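Enquirer: The lines below spell out each chain.
2 protein chains.
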Amino acid sequence: MRKSIVIALGGNAIKQADEKGTAEEQRHNVATTCRQLVSMLKYGHRLVITHGNGPQAGNLLIQQEAGVAEVPAQPLDIVGAMTQGQVGYMFQQILQNMLWEERLSLPVVSIVNQVLVSEDDPDYQDPSKPVGPFYTKEEAATLKIERPDYIIKEVKPENVERRFRRVVPSPEPLRNIEYLAIRRMVDAGIVVVASGGGGVPVIFDKDKNLKGTAAVIDKDKAGEVLATVVGADVFMVLTDVDHAKINFGKPDEKNVGCVGYSEMRKLAAEGHFKAGSMGPKVEACLRFIEWGGQKAIITSLDKAIAALMDQSGTRIVPDVGCSV
Amino acid sequence: MRKSIVIALGGNAIKQADEKGTAEEQRHNVATTCRQLVSMLKYGHRLVITHGNGPQAGNLLIQQEAGVAEVPAQPLDIVGAMTQGQVGYMFQQILQNMLWEERLSLPVVSIVNQVLVSEDDPDYQDPSKPVGPFYTKEEAATLKIERPDYIIKEVKPENVERRFRRVVPSPEPLRNIEYLAIRRMVDAGIVVVASGGGGVPVIFDKDKNLKGTAAVIDKDKAGEVLATVVGADVFMVLTDVDHAKINFGKPDEKNVGCVGYSEMRKLAAEGHFKAGSMGPKVEACLRFIEWGGQKAIITSLDKAIAALMDQSGTRIVPDVGCSV
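Protein chains in written order, with my numbering: chain P, 1 to 324; chain Y, 1001 to 1324.
These are computed hints drawn from the structure, not numbers from a lab. Among the hints, a few may not be true.
To be verified - The calculated lysine-lysine pairs, modelled on DSBU-like cross-linking and capped at a C-alpha distance of 35 Å, are: (1) Y:K1208 <-> P:K20; (2) Y:K1303 <-> P:K211; (3) P:K3 <-> P:K274; (4) P:K20 <-> P:K245; (5) Y:K1156 <-> Y:K1250; (6) P:K20 <-> Y:K1250; (7) Y:K1208 <-> P:K211; (8) Y:K1266 <-> Y:K1250.
What the hints assert, rightly or not - Derived CB-CB ranges, DEER-like: (9) P:R147 <-> Y:P1075: 27 to 33 Å; (10) P:S277 <-> Y:R1147: 35 to 41 Å; (11) Y:R1147 <-> P:G260: 38 to 44 Å.
Said to hold, decoys possible - To give an idea of the interface, some chain Y residues facing chain P are shown, with a C-beta separation under 7 Å as derived from the structure: (12) G1067; (13) E1070; (14) Q1093.
Note that the coordinates shown come from a computational prediction; the quantities given were computed from them, not determined experimentally. Backbone N, C-alpha and C fix where the C-beta goes; we use that ideal spot for every residue, glycine too.
Construct the entire structure; sequences and hints are all you get.
Expert: What follows is the structure, given as structure tokens:
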């Protein structure tokens, strides 16, 4: 059965942890990812793709600072939009090539995508998401004077020299600003790449105008907002493991297969899924079901097709139960 | 009468020549531009917007080089895609805010957009388009060894120290790769920002796969390809003067108002329009009419509405003649 699927790709879909992030490395990883996406498109599924941008934004922020004597550095929201262009381009080109090879005439487009957050989000009180370069104690002290708007925190142990970093809030995504356009694009048969890096975070200012904010939104949570708003049948979170696990790292560790909403909510409350890692992925999936979604999947790239066929992966469904 | 209009914005729509290119400056200029665009949208016209990226790509290339000791520099095609994200974001956000203020419910989306060129284009034999930083003679010599793929040329007079620059081809645009998606988006009532910076230039490699190429496409010529392919009623080139002029700079200088295709082709052949400036704009407009377009306009931002009403600007029409 043909489904509309929103896929949130893990960081390893673009850059492996041990890589520097050259264009060639990234293209190679994106191609591996796209091969699986093309298989889904061959089944007739409609796809909306979203992705992280951590390493790309990190590199770009380093470059922005390195060039600051000559040209102005751009703020974090604009850097986010730039990485949407960068990553979107790679997916768009490689996916298009593979689709032509398969004689599938599907247009692929990446868009610039803003996601609304609120400055009342508790994370604005105590920002925790590190971005950009590492600084020495001295550099951090200078930066605090030069950029009074920056919050600098010690993020590595005392004995490391470069152990300071800028931190920004990671607020909850409230709304996908371009949702209407995305919905129309999906309806028009376009494969859309959207909400890259969790979306460019924007707030409403006092005049009710959208305005960029220095923050980073969790890409899986933003992916859920996207999935809900386009009315996706399936929300799929791809990561480096093929299942969410209970008792992770213990002798009685066990894969979560098909699971009802309430059961999974209970497992999450019991603390089985690590904050900053599997935790937000599970939370995003649970929200998708809460808002009427029929199936949320957490699995690895190579199990994605099997998971869609209920043969692998963690599949979270409404409480009426698992069909398999 | 409601029309579909493709607008190619001049560089001054985003960055004035005397500015450094801070985010604030650029937002200010984009807002001025968007006010005119909103007026057109209020008349019910459908808009596709395209823009240059020269200053943005220039700054980003400087930053890429400045950070090269720490993180890999991205190639020119990816830098182009990044500026599409950067500029597209500003237009998208500011235009969206103004539309909401006017209670116009039109979605605005910027896309990553590739434009096909050919390596057989004569400009690949003798590239002439300077990109990125200026180098001293010594730096240029080092760069020639480090980057054998770069072509470095002397672009300023002998007595200037930093007078060397990388040059790339500026090939003719052949096809807008995402044309089908753009057409569907326009049909779905979406205001689209596309083909930014003339599009990300791509070629077909030996396996018939799209591949980025280090080149820069003229944004007005790429705009014409876009206008033709979406079947625009009007192709409008906005620049810093309100008319193309004959005998430019001479005592008998005269604005070109409404003009038939053949007459304008003759004026162009007589050399009235300067290469690298008004020349490519006129050529782009002439091509639009050749491919069946009904009206091509060259004017300034503040005369755009008047030009649409045949009250100002250079208006190039098919030979059947001018209605005004």
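Enquirer: If a hint holds in the structure, say so; if it doesn't, say that too.
Expert: Quick rundown of the hints versus the structure:
no.: 1; hint: Y:K1208 <-> P:K20; verdict: 29 Å, holds
no.: 2; hint: Y:K1303 <-> P:K211; verdict: 29 Å, holds
no.: 3; hint: P:K3 <-> P:K274; verdict: 30 Å, holds
no.: 4; hint: P:K20 <-> P:K245; verdict: 30 Å, holds
no.: 5; hint: Y:K1156 <-> Y:K1250; verdict: 27 Å, holds
no.: 6; hint: P:K20 <-> Y:K1250; verdict: 57 Å, violated
no.: 7; hint: Y:K1208 <-> P:K211; verdict: 42 Å, violated
no.: 8; hint: Y:K1266 <-> Y:K1250; verdict: 19 Å, holds
no.: 9; hint: P:R147 <-> Y:P1075: 27 to 33 Å; verdict: 30 Å, holds
no.: 10; hint: P:S277 <-> Y:R1147: 35 to 41 Å; verdict: 40 Å, holds
no.: 11; hint: Y:R1147 <-> P:G260: 38 to 44 Å; verdict: 58 Å, violated
no.: 12; hint: G1067; verdict: 4 Å, holds
no.: 13; hint: E1070; verdict: 5 Å, holds
no.: 14; hint: Q1093; verdict: 5 Å, holds
Violation of the numbered hints given earlier is confined to hints 6, 7, 11; the remaining hints are satisfied by the structure.
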